[in-house]
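> Below, each chain spelled out in residue letters.
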Amino acid sequence: METINAVLQPVQLDESLYAALYDEVFPILASIISRQGGTRTDAEDIFQDALIAYIEMQSKASIDHPAKYIVGIAKHLWVRKSRRNGMFLKLDDYEQSLTLPEEIASEIQPSILLRFLQRAGSKCMDLLSDFYFAGITVTEIAINHGFSGAHSASVQKNKCLEKVRSMVKEKQLHHEDFMG
Amino acid sequence: MKTSWDELALIERYLDGELSTTELTVFENRLDKEPLLKADVKVQTAVRTLVKRHYVLKMRSQAKELHAHLYNDPARRSMRQAIEALFK
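Chains A and B, in that order, are what the protein sequence lines are.
Going by the working numbering, the first residue of the first sequence is number 1, and it counts up by one from there.
Going by the working numbering, the first residue of the second sequence is number 1001, and it counts up by one from there.
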C-alpha cells in the first residue's frame, strides 16, 4: 500500500484547455481592459481568475459558452477592481446574472495556518483539493496521484484528512483566530 | 479523541447537503447534544475552507506559469504584438 509520502502530482490546470481559451478570450479581454485604462498585468490577473472561476463552475454544471462566461466573470472582476477609479463598464443581462465564486471574489492571502499546512502537508492538501474541488472521479484521482486504484486513493484521502484535521485542531487549541 | 472514518463520512455528507430528511433531523439533534460532534463539524468546515484556499492559490500559480509560457510562445508572436500595442 502507498504511504502518504507517495502521493504525487498536484492539482493541474488542463494546459490545452487553458491555451484554447487564452487564444480565444485573452485578446478580447485585453482590449476591454486597455480601453478601461487598465494595464496588461490587470488583464492577465483578471483573465486567470476568470478562467479558474470557469473551471470551478464547469465542474458543477455544464457551461454552453465558455468564452462568454469567462468574459462576463472577468468584467465583474474588473468592475470590482476599478470601482474607485470612476470607470464605467456596462454589463449585459447575461453578464449581470453571473455571480463570482466565493474564493475568486475575495482576495486570498495565505494565512499562517494555510502556509503551515502547505509546508507540513502539501501533498495531502493537493490530494484533498482534488477530492473536494477538482470535479474529477476517484479513479482519475488515483491515476493522477499514482495510486493502484480508487480504493487506495480513498484510503489515502482519509489518512490525509486525519493528518490535516489533527494539524488544524492543534492550531485551533492555541489560537482563537486560527483561520486568520 | 480521534474521529472515526464513519463519523467523518457522515459529517462530510452533512456539509455537502447529502443527508436525507430523516438523517438530517437525527444529525441536528446530535449536534445540539454532542459538543464533540459540533467541534468536529467546525474543524471539518475549517479544513475544507483551507483546502479550497490552497486549491485556488495553486491554480493561480499554475495559471500564471501557463500564461507566461503562452505569452512568450514564438508561434503566438503576432498575438503578443497586438496585445502589447493595446497597452502602449
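It cannot be assumed that every hint is accurate.
[Stated by the list, open to error] Derived SDA-like pairs (lysine to any residue); straight-line CA-CA distance at most 20 Å:
| hint | chain 1 | residue 1 | chain 2 | residue 2 |
| --- | --- | --- | --- | --- |
| 1 | A | LYS169 | B | LEU1019 |
| 2 | B | LYS1052 | A | VAL71 |
| 3 | A | LYS60 | B | LEU1019 |
| 4 | B | LYS1052 | A | PRO101 |
| 5 | B | LYS1052 | B | ASN1029 |
| 6 | B | LYS1038 | B | ASP1016 |
| 7 | A | LYS171 | B | VAL1041 |
Just so you know, the hints here were simulated from the structure itself, not pulled from any lab data.
> Does each hint fit the structure? Answer for all of them.
Evaluation of the provided hints:
With a C-alpha separation of about 25 Å, the suggested pairing of LYS169/A with LEU1019/B is violated against the 20 Å cut-off. For the hint linking LYS1052/B to VAL71/A, the alpha-carbon distance of about 23 Å lies beyond 20 Å, and the restraint is violated. A hinted pair counts as satisfied when its Cα atoms are at most 20 Å apart, and LYS60/A with LEU1019/B qualifies at roughly 19 Å. Of the pairs offered as hints, the one joining LYS1052/B and PRO101/A holds, with about 11 Å between alpha carbons and a cut-off of 20 Å not exceeded.
Distance check on the hinted pair: LYS1052/B and ASN1029/B sit about 29 Å apart at the alpha-carbon level, beyond 20 Å; violated. Of the supplied pair hints, the one linking LYS1038/B and ASP1016/B holds, its CA atoms being roughly 16 Å apart against a limit of 20 Å. Between the alpha carbons of LYS171/A and VAL1041/B the distance comes to roughly 16 Å, so the proposed pair stays at or under 20 Å and holds.
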